[in-house]
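Colleague: Following the hints, position chain B against chain A.
There are 2 protein chains.
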Amino acid sequence: MTVKKNPLLIHRREHAEALLEKYDNFLFDCDGVIWLDEKIIEGVKDTLEFLKKNGKKFAFVTNNSSKSRQEYLAKFSSLGIQGVTKDHIFPTCYAAVQALESDLQVPKKSKIWVLGDSGIEDELEEAGYIPVGGTDARLNQAFRADHEFLTVDPEVQAVVVGSTKEFNYMRIASTLQYLLWKNKTIPFIGCNIDRSYPGPNGLILPAGGSVVNYMQYTADRDFINVGKPSKVFLEAILAKNGFDRSRTLMVGDTLYTDIKFGNDGQLGEGCGSLLVLTGGTTPEYLHQFLQNPNHYDEGESMIPSYVIRSLGDFVDIIQS
Amino acid sequence: MTVKKNPLLIHRREHAEALLEKYDNFLFDCDGVIWLDEKIIEGVKDTLEFLKKNGKKFAFVTNNSSKSRQEYLAKFSSLGIQGVTKDHIFPTCYAAVQALESDLQVPKKSKIWVLGDSGIEDELEEAGYIPVGGTDARLNQAFRADHEFLTVDPEVQAVVVGSTKEFNYMRIASTLQYLLWKNKTIPFIGCNIDRSYPGPNGLILPAGGSVVNYMQYTADRDFINVGKPSKVFLEAILAKNGFDRSRTLMVGDTLYTDIKFGNDGQLGEGCGSLLVLTGGTTPEYLHQFLQNPNHYDEGESMIPSYVIRSLGDFVDIIQS
Numbered sequence: 001m002t003v004k005k006n007p008l009l010i011h012r013r014e015h016a017e018a019l020l021e022k023y024d025n026f027l028f029d030c031d032g033v034i035w036l037d038e039k040i041i042e043g044v045k046d047t048l049e050f051l052k053k054n055g056k057k058f059a060f061v062t063n064n065s066s067k068s069r070q071e072y073l074a075k076f077s078s079l080g081i082q083g084v085t086k087d088h089i090f091p092t093c094y095a096a097v098q099a100l101e102s103d104l105q106v107p108k109k110s111k112i113w114v115l116g117d118s119g120i121e122d123e124l125e126e127a128g129y130i131p132v133g134g135t136d137a138r139l140n141q142a143f144r145a146d147h148e149f150l151t152v153d154p155e156v157q158a159v160v161v162g163s164t165k166e167f168n169y170m171r172i173a174s175t176l177q178y179l180l181w182k183n184k185t186i187p188f189i190g191c192n193i194d195r196s197y198p199g200p201n202g203l204i205l206p207a208g209g210s211v212v213n214y215m216q217y218t219a220d221r222d223f224i225n226v227g228k229p230s231k232v233f234l235e236a237i238l239a240k241n242g243f244d245r246s247r248t249l250m251v252g253d254t255l256y257t258d259i260k261f262g263n264d265g266q267l268g269e270g271c272g273s274l275l276v277l278t279g280g281t282t283p284e285y286l287h288q289f290l291q292n293p294n295h296y297d298e299g300e301s302m303i304p305s306y307v308i309r310s311l312g313d314f315v316d317i318i319q320s
Numbered sequence: 001m002t003v004k005k006n007p008l009l010i011h012r013r014e015h016a017e018a019l020l021e022k023y024d025n026f027l028f029d030c031d032g033v034i035w036l037d038e039k040i041i042e043g044v045k046d047t048l049e050f051l052k053k054n055g056k057k058f059a060f061v062t063n064n065s066s067k068s069r070q071e072y073l074a075k076f077s078s079l080g081i082q083g084v085t086k087d088h089i090f091p092t093c094y095a096a097v098q099a100l101e102s103d104l105q106v107p108k109k110s111k112i113w114v115l116g117d118s119g120i121e122d123e124l125e126e127a128g129y130i131p132v133g134g135t136d137a138r139l140n141q142a143f144r145a146d147h148e149f150l151t152v153d154p155e156v157q158a159v160v161v162g163s164t165k166e167f168n169y170m171r172i173a174s175t176l177q178y179l180l181w182k183n184k185t186i187p188f189i190g191c192n193i194d195r196s197y198p199g200p201n202g203l204i205l206p207a208g209g210s211v212v213n214y215m216q217y218t219a220d221r222d223f224i225n226v227g228k229p230s231k232v233f234l235e236a237i238l239a240k241n242g243f244d245r246s247r248t249l250m251v252g253d254t255l256y257t258d259i260k261f262g263n264d265g266q267l268g269e270g271c272g273s274l275l276v277l278t279g280g281t282t283p284e285y286l287h288q289f290l291q292n293p294n295h296y297d298e299g300e301s302m303i304p305s306y307v308i309r310s311l312g313d314f315v316d317i318i319q320s
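Taken in order, these protein sequences are the chains called A and B.
Using the UniProt record's numbering, you'd call the opening residue of the first sequence number 1 and step up by one each time.
Using the UniProt record's numbering, you'd call the opening residue of the second sequence number 1 and step up by one each time.
Treat the hints loosely; a few may be bogus.
Identical chains share a label here; the pair holds if one copy fits it or two copies do between them.
As the list claims (entries may be wrong) - Capping the alpha-carbon separation at 30 Å, the derived lysine-lysine pairs in DSS-like fashion look like this:
1) Lys45 with Lys111
2) Lys240 with Lys22
3) Lys184 with Lys39
4) Lys52 with Lys111
5) Lys75 with Lys184
6) Lys39 with Lys182
7) Lys165 with Lys182
8) Lys231 with Lys86
9) Lys165 with Lys184
10) Lys182 with Lys111
11) Lys165 with Lys111
Read the hints as simulated data drawn from the structure, not as lab findings.
For reference, chain A alone in the conformation it holds in the complex (with noise of 0.2 Å):
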């Protein structure tokens, strides 16, 4: 691996103008690099227009599991960012429908069990599965031993796990269940392995990796990630965009998923990588983090080649 042991902050606009020289595709996390919650960081759009107006590709790509591609482009046009359609955006609701089609090749119109938002019930049901457990109402209800959904449907062939704020004890216990069930072996996909994320208000909150670590510990039997760094996903993205792999940077707010996912996409003529700091990732965290990344479990590969403050910052650097 031939990553740049000191990334290039990026603040004067000949930085901003190589960027734009090396790379034609921009693969985008979302949350921390394009939004805060529900709120678009200030100077977002107007770099993603810049972009655009330059003839540059994006591609969002999201370890949030909660929304499917559809509301991701409600969303998107709420905040008013323009021209993002169906194919730009990968969460990875979508990224585990891919993986049971293409991977497990697990036939369609299989059941497959499912603890997470109803991003996951919607993409299974788009490409031909039947969705079970998931935003049920019945598991809302108190823990009860007798409850139906304790006993396993034997027609379920795999289990999803990704974000949610709806866990609760009865949800936990039945996924469980198929995850023991048939001495382990049924597929268990997570959706990421985030440990929080910021929210609103500042606020820093439990994310998706953190339900899917729950269900690996209580299971004790692992899991197959979906998500970034997958390799598999990014394979996937850039097949799919038809983004020469040597010409696109993935820009994201976290070290040990975004900017690992794309500093291992670098087989030979690599992704770039670059580090926001308007999300997950402190000034203070990073400084720390580059004074020795080998304290860090395969740290050399969660050095970006690039950080800048924002993404707003962009157009103003280059047009300063």
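Modeller: Frame of chain A, contents of chain B only:
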């Protein structure tokens, strides 16, 4: 460590007599050993009465933190187990309070944030601490970013996390605020590391260790495990009861908690460990484990000295 490589299966009278000869004191796990959910395991009452008649001493050591010692007293009584006093009972809600008092020296009248059931709150109050969070009904609400409990109370001095079926996103998000607060320096006590436990109707259900693990993962920091197999917990129990280590037998159903707990006490002249098969460990799993203990993390320390099908069989075997 001098753990026997092959546990002795207790199934003949002379085995049981040798145990009676070798041990004066018995530490019993509860779930899966004494009872399953609300039902006492067949023969256990007779075995306990037999041991008592023969001058043996008991302590009950459970990683479950949901009930206080007072509540356990009521449970023993309702199941018809006589002669148990509060001093015989060591649930991890009590161990957590001991850790606050002795090891961490947190001053009395401090506020302690709780993610867990009333057992923790009751033991904290009995010791003169002020529990906050916990079963507070305001935390039953759906998540709201402006919820009062998302702002840390500056008087809180430590966090205790244990078993609960009442966890929801509101509770977890507010607990995270304390774990991240002050650069993650406020003490974080976990009541156990149990992945699952044998519930009613033959169900395997998520246990408190999964909640602790969730909080550890989302906050990305370690915790102090006060439950089995903590050596500090064992020393405290032996000291409080005046039990001679070399004449004490730990009886439990789980290798990585109970059996390791007994075995790790083998500092020269150590405790023995007796595995029962009425709880979380199946005969198949035990067989697989014993084939190659080194495949398991700290596997050598989880090999029981003895195995018996059920604690309830003991009295039948010795009277056969």
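Colleague: Please go over all the hints and tell whether each is borne out by the structure.
Modeller: Now the hints, each set against the structure:
1. Lys45 with Lys111: neither (40 Å within a copy, 46 Å between copies)
2. Lys240 with Lys22: Classified as within: same-chain Cα gap 21 Å, cross-chain 70 Å, threshold 30 Å.
3. Lys184 with Lys39: between (42 Å within a copy, 28 Å between copies)
4. Lys52 with Lys111: This pair counts as neither: shortest intra-copy Cα distance 41 Å, inter-copy 54 Å.
5. Lys75 with Lys184: neither (38 Å within a copy, 34 Å between copies)
6. Lys39 with Lys182: between (45 Å within a copy, 27 Å between copies)
7. Lys165 with Lys182: Cα proximity of Lys165 and Lys182: in one copy and across copies (29 Å, 26 Å).
8. Lys231 with Lys86: within (22 Å within a copy, 56 Å between copies)
9. Lys165 with Lys184: Intra 26 Å, inter 23 Å, cutoff 30 Å: intra and inter.
10. Lys182 with Lys111: This pair counts as within: shortest intra-copy Cα distance 16 Å, inter-copy 46 Å.
11. Lys165 with Lys111: For Lys165 and Lys111, both the intra-copy (23 Å) and inter-copy (27 Å) Cα distances are at most 30 Å.
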